[in-house]
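Trainee: Sequence:
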Amino acid sequence: MGHCTGKELQRAVTSFLPSLSALPVVEVSLASSSPIDKETTLTCSAWDFYPGDVQLSWSKDDQLLTNSTRNDSLFHNSNGSYSYISDLVVSRHDWNEPAQFSCQVNHSTLKMPVVKNLTLTQSDKGKYVLCIMTFLGGTIYSLRSPVSNRKYGLFVLTSCINL
Numbered sequence: 001m002g003h004c005t006g007k008e009l010q011r012a013v014t015s016f017l018p019s020l021s022a023l024p025v026v027e028v029s030l031a032s033s034s035p036i037d038k039e040t041t042l043t044c045s046a047w048d049f050y051p052g053d054v055q056l057s058w059s060k061d062d063q064l065l066t067n068s069t070r071n072d073s074l075f076h077n078s079n080g081s082y083s084y085i086s087d088l089v090v091s092r093h094d095w096n097e098p099a100q101f102s103c104q105v106n107h108s109t110l111k112m113p114v115v116k117n118l119t120l121t122q123s124d125k126g127k128y129v130l131c132i133m134t135f136l137g138g139t140i141y142s143l144r145s146p147v148s149n150r151k152y153g154l155f156v157l158t159s160c161i162n163l
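Quick note on the UniProt record's numbering: the sequence shown kicks off at 1 and runs consecutively.
In short, the hints are calculated from the structure, not lab data. Even glycine gets a Cβ: it sits at the ideal position worked out from N, Cα and C.
DEER-style ranges, computed between Cβ atoms:
1) His-93 with Pro-51: 37 to 45 angstroms
2) Val-89 with Ala-22: 28 to 36 angstroms
3) Lys-38 with Ser-108: 33 to 41 angstroms
Use the sequences and the hints to build the structure in full.
Mentor: Quick look at the structure:
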């Protein structure tokens, strides 16, 4: 049975990889928000795609956001695929107005870009803030209490996830 060196194996794999492709999985979420913060962060994640070329854009009410504060990162995963994360910083003023924020991801494997939207109503915002505050309060309470009371924090966290 023949053996190949590391360089030969790398060349063989590299020549094979261009024929592979994988569609990105895309998700948009509220990364952080607090009643005392002056801004909110939205996160758009695209993962498990190949090749690594991807385009991502943000819009508010179908208007492309070009001068917004963003933090974008492309990651090369251990399985050979790529992940891309984009954080959009939204001022409290912009976030408090009724608006729909959208993340659009385009990749060579897609026939059409994937668009994911995030719109929170005032009541939704209140639920998230209340949930976060309750969870933090419960966590502090459970840290000061016996171990048996720590289940409270897990209950609140589970309830928040199901909102």
